[in-house]
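Let's have the full structure, built from the sequences with the hints guiding it.
Single-letter residue listing:
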Amino acid sequence: MSFRAFLERKKKTDQAAAKLLEAMGSLQERLADRLATLLSQLDIKAGSLVPGEANANRIGEIISILHQQLNDDPWTEAVADYVENYDAITENVLKYGRTLGRLDDGFLSALKRQFKIISAEYLTSAASFNLELWIPLAEQIGGAIISGAPLADFTVTAKLLITGGDDADGALVGKASTTVTDLASIFERSSTQLIADELEVDFFLYQGSEIDTTREFCLERLGKAWHREEIEQWGDEEWSGRIPETTEDTIFSFLGGYNCRHVLLPLAEIDVPEPDLARMKAKELI
Amino acid sequence: MLTQEQVLEIWEGKRSLMKPHYTVAGWKWNGRWIDKAQKHELPELWPGYNRAVKEKEIISPHVEHGFFPERLFKERAPNQSDEELAYMRANFKQVTLPVYKDCQNTILRALHENNWTIDYAPNSEEDSGVAIEFKEYVTEGVEVFGSVLNYVKFIVPKVYTLDSMGLISVLPKYISTVTQEVDGDAVEVIDPDTQLEPVPQYISVDKVWGFQYGKWYLWLTEEKSMVKRGNEEAKEGIVLLLVDEVNVWRIEQTGEKYKFEFNITLWWEHGRGYPLATHLKGDPVLRDGSACWQSYYLTACEPLDIVLLDTSYLQASKAHCVFPHMIQLGDDCEFIDPEHGAACGGSGKLRWWEPDGEAGALKEHWKTCPACKGQRLVARMGPQGKLLVRPGDRNSDGRTEIPNVSEALSFVGPDVSTLAFLRKEIEANTTDGRAILHLSTETQAVQDGSGTDVKTATQSGIDLRATYAFVKPISDRIFDIYYFILKGIGDIRYGDNFKGVSLTRPTSFDMKTEDDYMRELEQARLANLDPSAIWKLEWQWVKARFQHDPEAEAVFSIITAADDLFSLSEQTIQSQLTQRVIEPWQVILHTQKVSIYEEIAREGTLKRADDVKLWKAEMQKVAKSRVPKPVVSPAMEKLQMAIAK
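Residue numbers (numbering that gives the first Met the number 0), protein chains in the order written: chain L, 0 to 285; chain X, 0 to 644.
Certain hints may be false.
Capping the alpha-carbon separation at 30 Å, the derived lysine-lysine pairs in DSSO-like fashion look like this [what the hints assert, rightly or not]:
{"no.": "1", "chain 1": "X", "residue 1": "637", "chain 2": "L", "residue 2": "10"}
{"no.": "2", "chain 1": "L", "residue 1": "94", "chain 2": "X", "residue 2": "644"}
{"no.": "3", "chain 1": "X", "residue 1": "620", "chain 2": "X", "residue 2": "606"}
{"no.": "4", "chain 1": "L", "residue 1": "18", "chain 2": "X", "residue 2": "644"}
{"no.": "5", "chain 1": "L", "residue 1": "158", "chain 2": "L", "residue 2": "10"}
{"no.": "6", "chain 1": "L", "residue 1": "18", "chain 2": "X", "residue 2": "637"}
{"no.": "7", "chain 1": "X", "residue 1": "637", "chain 2": "L", "residue 2": "11"}
{"no.": "8", "chain 1": "X", "residue 1": "644", "chain 2": "L", "residue 2": "174"}
{"no.": "9", "chain 1": "X", "residue 1": "157", "chain 2": "X", "residue 2": "134"}
{"no.": "10", "chain 1": "L", "residue 1": "94", "chain 2": "X", "residue 2": "637"}
{"no.": "11", "chain 1": "X", "residue 1": "234", "chain 2": "X", "residue 2": "223"}
{"no.": "12", "chain 1": "X", "residue 1": "644", "chain 2": "L", "residue 2": "10"}
{"no.": "13", "chain 1": "L", "residue 1": "174", "chain 2": "X", "residue 2": "637"}
{"no.": "14", "chain 1": "X", "residue 1": "644", "chain 2": "L", "residue 2": "11"}
{"no.": "15", "chain 1": "X", "residue 1": "423", "chain 2": "X", "residue 2": "366"}
Source of the hints: derived by calculation from the structure; they are not laboratory data.
Laid out in structure tokens, this is it:
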């Protein structure tokens, strides 16, 4: 498979995150509706929440019921689809890698499985969203009960916390969007690093789709071939959006940082463009 | 042991004191009859006698139903008439009896079987046949009460409260005798084939005529002897008993009743080495240099006396002046007697003249008007019970003045602020009385922020310690009496064959109610105390709640032993379940332990008496079988397969 064919297929695998986030938006809507139903079942008097022990004792129960929504069928299916994308990514990487030499896919398969488990657990575990959703929601409900807030008004406020409204992504999407994108991208880059290490390839093509939010770091490097040592040196630089754990070793996985969808494709020396070769020679890397 | 001469000397001393006050018709003092219920002001039969009798009289209206404290009312209002006193007596209510009931119930909690033990055969290597028979007699054979314990529970606390200088004796009610020939003479001896049946008996202080602590006791019995009244014999003579360390002497009135003469005989040689009677005792005091006992209840009688008096006066005031009186307009009575033609005319009397025999002389007669009954006015009520008001006079301008009819009838009510004050005084004094007796009151509370008065666990604990300190000496003395009765019965029935009884008194007893434990439990949970401490409190609550239901308590002990999560809060359980520290079956056992127990009991797999370990294993087995198998949705199955691929 040529790198162009790889990049074509990558466009498809890149869409998995977007699809998941769309499903997450629907999940937020369902959570908001469920919350409205649960709030209406609290003790109400003259349209307002009744301050008291009975209502206060039900906050935990409400949160617990909402937790279970993260295991409803539509969301579970969406997560399953996202998890299956790792298979597609792995297949792409292996197909491309095999054009450069013989590969043993055992390590990569093991890595893939771990990323699947991590992703599935993250996306279906309520604890992943404690700080962004459950704790603030519990605090809001508690405050509304204590103050005897009007139910209708509070329901709107609480729903907005989940869905975000027109101006924000919502609690789940806001928290997960970067992670969901980065997990797949990091896995993809880790995979390419693995095959590069296995094939002892020192040349990488900085490639991927250019989007509106492509940062300066990536723009400067996009479309060019780079030597391993050049890439390792990037690990010591600073730029906006850099993942803090970036080092000369992890740069191959983290690359441009948060939301970076670019990939470092291993390249045979013969495929390195002349200008890039000249640069490497000037740096005495080759 | 007293010799016969010593007994005679003691008796002569008492007899000479009492004879001046003895008449054929009854006891007298200074020429006045002494009321049976209030035998005070008799000679000082022993130092402190009259004081002790008076103290019993002071306590009686608060403890004994039907006792009217005449002395209290006479001292409070010495100028009241006999009619007024009779009214007070007829309407008297013993409103302080519930205070004593609470006190008695508190004391009886110390006597709960959980707090003490008894061993009827402490020296088990000795004759156990005697121990068995002894146990049977003291638990089932005591006349009227069945058991000595019942006597101690139902009688002793009350008489101990009422009468510290009263006595408890242990004697056979009767002794069967047979006639035997001894040296040619027919002699009556105790029947060797009949077992003596000693019973405990209470002797009121006014009947105690003398004593020397631990040596001898002399008291007036209820029995009557045959004496002569003129030419007839009557069973009206008095009989006394004197009990010393070895003998029981019978002092019986004989001959002419008015002579007040007695016969002293040795009734029974018990030979036990100690007198078979003891004082009830209480708080020690000195009277004329001699030690006496005083009831713990006396101090509380001070405020409770005021409660009784104030309540009676409050009741009287209510009847006389609380209800409003109607005042209405009246007219001069216009009654005319049809017989004599005499008119009342508002004078209240009918006056007429009739011929008086002599020609021309008239005699005046008069009587009270039957219509207005001498009141001169009659009500203006119409036939329908309406008050009719006459229209006003016509003015000079020809218009009739209309009267203000609302002033024709009104109701006048008294100011009840005095009565309200009395009511508050009664409540305050009742509270004081209860506080002296360490009985909890509603005023010992703090606000909990929600507006509800709640006694905190700390406050409750302080109160309970004070109650414990108050009840402990009373409990100790009641157990002393219990032991005295048991030992006396054993010694009398079995003599040297009786090897004693071991009574382990309570050293600490549980005064707390289930509400007290619930308060402590709530605070323990709020304070996030260690589960072991919470478990202890929960278990104490169970024991307090089900102390009268041994079966329920036994079931609870089984199900709580099987439940590993018994003392954990719901939040802790949920958290531990999420972290997989505990298993789902443990949660099922925790939430369904009663139904699991009932399932095992119903199927007869185990019996309640079986070992708790067996129950625990079986309950866990059932709980595990009840764990629902996880239902995997197709979506979840898809995710699991996606991960596995």
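For a quick check of understanding: which of the numbered hints are violated here, in increasing order? Numbers 5 and 15, in rising order.
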